[in-house]
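Use these hints to put chain B with the ligand onto chain A, whose structure you have.
In order, the protein sequences belong to chains A and B.
Start counting the first sequence at 1; every next residue gets the next number (the numbering used here).
Start counting the second sequence at 1; every next residue gets the next number (the numbering used here).
Bear in mind the hints are in silico, worked out from the structure with no lab data behind them.
Quick reminder that beta carbons are idealized off the backbone N, C-alpha and C, glycines included.
Hints should not be assumed to be uniformly reliable.
[Said to hold, decoys possible] Over the 12 Å line for every Cβ pair with chain A, so calculated as not near, a few chain B residues:
1) F19
2) Q67
3) A129
4) E173
5) D187
6) E199
[Stated by the list, open to error] Simulated restraints on C-beta separations:
7) B/E235 to A/R65: 51 to 57 Å
8) B/E231 to A/V232: 43 to 49 Å
9) B/P320 to A/A22: 27 to 33 Å
10) A/A22 to B/E170: 30 to 36 Å
11) A/R65 to B/P320: 53 to 59 Å
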Amino acid sequence: MRIVVCVKEVLDPDAVNNYALAGRLEIGEDGKSLTQTTIPRLMNGFDEQALEAALRLRDAGAECRIGVVSVGSDPATILKHAAALGADEIAAVMMEEPSPDYHVVATLLSSYLSTSGGADIILCGRQASDDDQGVVPALICEALGIPLVTNARAVELMQAAGETALRITRVTPDGDEVVEVSCPAVVTVSNELGEPRYPTAAKKIAARRMKPEIVTAESLSLSAEKLRPRVVALRQFVPTVSGNCEFVDGETPAELASALIARLRQESVIS
Amino acid sequence: MTEAKPVVVCTWSESQGEFPVGAEEALTLGRKVANALGTRLHWLVLGTLPETGMETAGRFGADGVDQIEDAALEAFSADVYLNALAGYCRQESPMLVVFSQSVETRLVAPRLAGRLEAGVLMNGVDIVAGDDGGLQATASAYGGDTQVVYELSGAACYVFALAANALQAEPAEGGPTQPGCRSISSDLGGVEDRIRVVEEARTEGPRLEDADVIVSGGRGLGGPENYGLIERLAEALGGLAGASRPLVDEGWVDSSQQVGLTGKITRPALYLAAGISGASQHMAGCSAAKTIVAINKDPDAAIFRYARFGIVGDCLEILPELIQAAKQ
Ligand SMILES: Cc1cc2nc3c(=O)[nH]c(=O)nc-3n(C[C@H](O)[C@H](O)[C@H](O)COP(=O)(O)OP(=O)(O)OC[C@H]3O[C@@H](n4cnc5c(N)ncnc54)[C@H](O)[C@@H]3O)c2cc1C
Numbered sequence: 001m002r003i004v005v006c007v008k009e010v011l012d013p014d015a016v017n018n019y020a021l022a023g024r025l026e027i028g029e030d031g032k033s034l035t036q037t038t039i040p041r042l043m044n045g046f047d048e049q050a051l052e053a054a055l056r057l058r059d060a061g062a063e064c065r066i067g068v069v070s071v072g073s074d075p076a077t078i079l080k081h082a083a084a085l086g087a088d089e090i091a092a093v094m095m096e097e098p099s100p101d102y103h104v105v106a107t108l109l110s111s112y113l114s115t116s117g118g119a120d121i122i123l124c125g126r127q128a129s130d131d132d133q134g135v136v137p138a139l140i141c142e143a144l145g146i147p148l149v150t151n152a153r154a155v156e157l158m159q160a161a162g163e164t165a166l167r168i169t170r171v172t173p174d175g176d177e178v179v180e181v182s183c184p185a186v187v188t189v190s191n192e193l194g195e196p197r198y199p200t201a202a203k204k205i206a207a208r209r210m211k212p213e214i215v216t217a218e219s220l221s222l223s224a225e226k227l228r229p230r231v232v233a234l235r236q237f238v239p240t241v242s243g244n245c246e247f248v249d250g251e252t253p254a255e256l257a258s259a260l261i262a263r264l265r266q267e268s269v270i271s
Numbered sequence: 001m002t003e004a005k006p007v008v009v010c011t012w013s014e015s016q017g018e019f020p021v022g023a024e025e026a027l028t029l030g031r032k033v034a035n036a037l038g039t040r041l042h043w044l045v046l047g048t049l050p051e052t053g054m055e056t057a058g059r060f061g062a063d064g065v066d067q068i069e070d071a072a073l074e075a076f077s078a079d080v081y082l083n084a085l086a087g088y089c090r091q092e093s094p095m096l097v098v099f100s101q102s103v104e105t106r107l108v109a110p111r112l113a114g115r116l117e118a119g120v121l122m123n124g125v126d127i128v129a130g131d132d133g134g135l136q137a138t139a140s141a142y143g144g145d146t147q148v149v150y151e152l153s154g155a156a157c158y159v160f161a162l163a164a165n166a167l168q169a170e171p172a173e174g175g176p177t178q179p180g181c182r183s184i185s186s187d188l189g190g191v192e193d194r195i196r197v198v199e200e201a202r203t204e205g206p207r208l209e210d211a212d213v214i215v216s217g218g219r220g221l222g223g224p225e226n227y228g229l230i231e232r233l234a235e236a237l238g239g240l241a242g243a244s245r246p247l248v249d250e251g252w253v254d255s256s257q258q259v260g261l262t263g264k265i266t267r268p269a270l271y272l273a274a275g276i277s278g279a280s281q282h283m284a285g286c287s288a289a290k291t292i293v294a295i296n297k298d299p300d301a302a303i304f305r306y307a308r309f310g311i312v313g314d315c316l317e318i319l320p321e322l323i324q325a326a327k328q
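Just chain A, with the same shape it has in the complex (with noise of 0.2 Å):
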């Protein structure tokens, strides 16, 4: 069995809510990017739980080759830090520009998916913290016309009568569901899922001498009509938040919450 893991770099989005909460997050002379050159770049959280979902999946016994593929104009670093988790093998699809084009992506991984033997799961995050678009893992299961999985906080193998499904437990408004599916399928991951393990010494060295395997657009044989982007940034910027805080007086905290409790009742928030 085939497990592959979608993973994405992104900036690390504590650094940027740090700057974001000083009010000193800017955009760049581009009016695309932003200027915090310090800003680490590492593995989108939820794409690491994915990746842990799979890695709990081999623990628990599935028979199975996890691959991890990522796509973007320099992977490598996370594609390291997957392999030193535990993955099998791991595959860099180069983009020239870091396209925010979902429609892109999602052809290239899916073309890496069905030319490099397929997959009976893939396993992605629920979205990325950079863009928060958490489409790709639909646009792939639509381009391989598989089922897709949102959102899960438990993944079990179910193997039976040479039929492979999955038992997922997922994350709803109203509280856990519990559903099955057959492979192959497209499962996203939640937070819920929990602590993604870390890489043991020994395992980051090893993980050196790794070397993803290199795909291109024309090694996947897609034209350029294929890939044409079909969204494109223009500019990013930082909305303003117009604050207009009244803060309460009180020299004691039973001052200070009388107070608003009567400025409430007053603006009739509360009866």
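Chain B with the ligand only, in chain A's frame:
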């Protein structure tokens, strides 16, 4: 001359008979884009049209209401809904399909785009028609820390999901229209969802999405033992208790209590946040609240930029007093 392709707003009710959340906002945006492009606005309703549906359609300037009613659409199923939608779009060739973003549309919208070879954008904030008649769309990124303006060109159709707090619903200028209602037939008999539900999600009591008052706690509470203060204040105010994501990740509270981009998108009258910093991903789930109140010991905390009322102080000291004061 071929007729300009329509703009379609697509909604369905999360539970039978309820008015679909976000429909008015999506219609407001749809009307604006249709006006700018000189084309028609259709409201596509999957399942039963809510009672006030035709009146709403007219008020928001729809040129027509299209309804697909089928027993198969009674409960949400991604595969079935998608089939109905794709069939409709192949027939009507809309240039733009607008959804109001929800957990369900997050699943259906991008799959529809994949099936129709359309372009897709989620977390949408706005769409404007450029000088050349092309469309430019704005969507939030990094949870809302930034926004990105995209050019939509190269595809015959675009699928767009409007974020919960992106814009205010506004009735169409020039008074209500008198839209007709078409019943669209679709053959959904043979479509089966490939995903089998073996254990249904069990809704336990009222949901944060529907709450009028929400009191949420964050990492500033210090430890799980203090979360009871949030629950007691919520109770005293007749509301529900929510949380920021770290509390879910640490296992203090259930994930159904997480408010934010990847949690619940709420629209209460009052949202009280204690010990929450105001990260964009959290605010994405509560900035549609009418009144936000923040308690934070850091006077520069970002949450105060969103709050209408604020208390600078230790929430562990203030929450017990608030519980008292709210009960009086
Ligand atoms: C892709 C992605 C999706 C995410 N989705 C969500 C989401 O859906 N929901 C969500 O909430 N987060 C989400 N996050 C996380 C988000 O970025 C923040 O990390 C999180 O919201 C911070 O939670 P917090 O405010 O409780 O904690 P912190 O940011 O640690 O803030 C704690 C606050 O408490 C204050 N404080 C400390 N002690 C006290 C005290 N005694 N009294 C009063 N105040 C005190 C501090 O001044 C501080 O402002 C997401 C992140 C990413 C990258």
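Results of checking the hints against the structure:
The non-interface label for B/F19 is consistent with chain A: the shortest C-beta to C-beta separation is roughly 17 Å, beyond 12 Å. Here B/Q67 stays apart from chain A, with its beta-carbon at least about 25 Å from theirs, past the 12 Å limit. The beta carbon of B/A129 sits about 14 Å from the closest Cβ of chain A, which is more than 12 Å, so the claim that it is off the interface holds. For B/E173, the requirement that its beta carbon stay farther than 12 Å from each beta carbon of chain A is met, with the minimum near 25 Å.
Non-interface call for B/D187 relative to chain A: holds, since the shortest CB-CB distance, roughly 20 Å, exceeds 12 Å. The Cβ of B/E199 sits about 4 Å from the closest Cβ of chain A, inside the 12 Å cut-off, so the non-interface label is violated. About 52 Å separates the C-beta atoms of B/E235 and A/R65, a value consistent with the hinted range of 51 to 57 Å. In this structure, B/E231 and A/V232 meet the distance hint of 43 to 49 Å, their C-beta atoms being roughly 47 Å apart.
In this structure the supplied range 27 to 33 Å holds for B/P320 paired with A/A22, their Cβ-Cβ distance being about 31 Å. At about 35 Å, the beta-carbon gap between A/A22 and B/E170 stays in the expected band of 30 to 36 Å. Remark: the range hint 53 to 59 Å for A/R65 to B/P320 is upheld by a beta-carbon distance near 56 Å.
Hint 6 alone, counting from the list given before, is not met by this structure.
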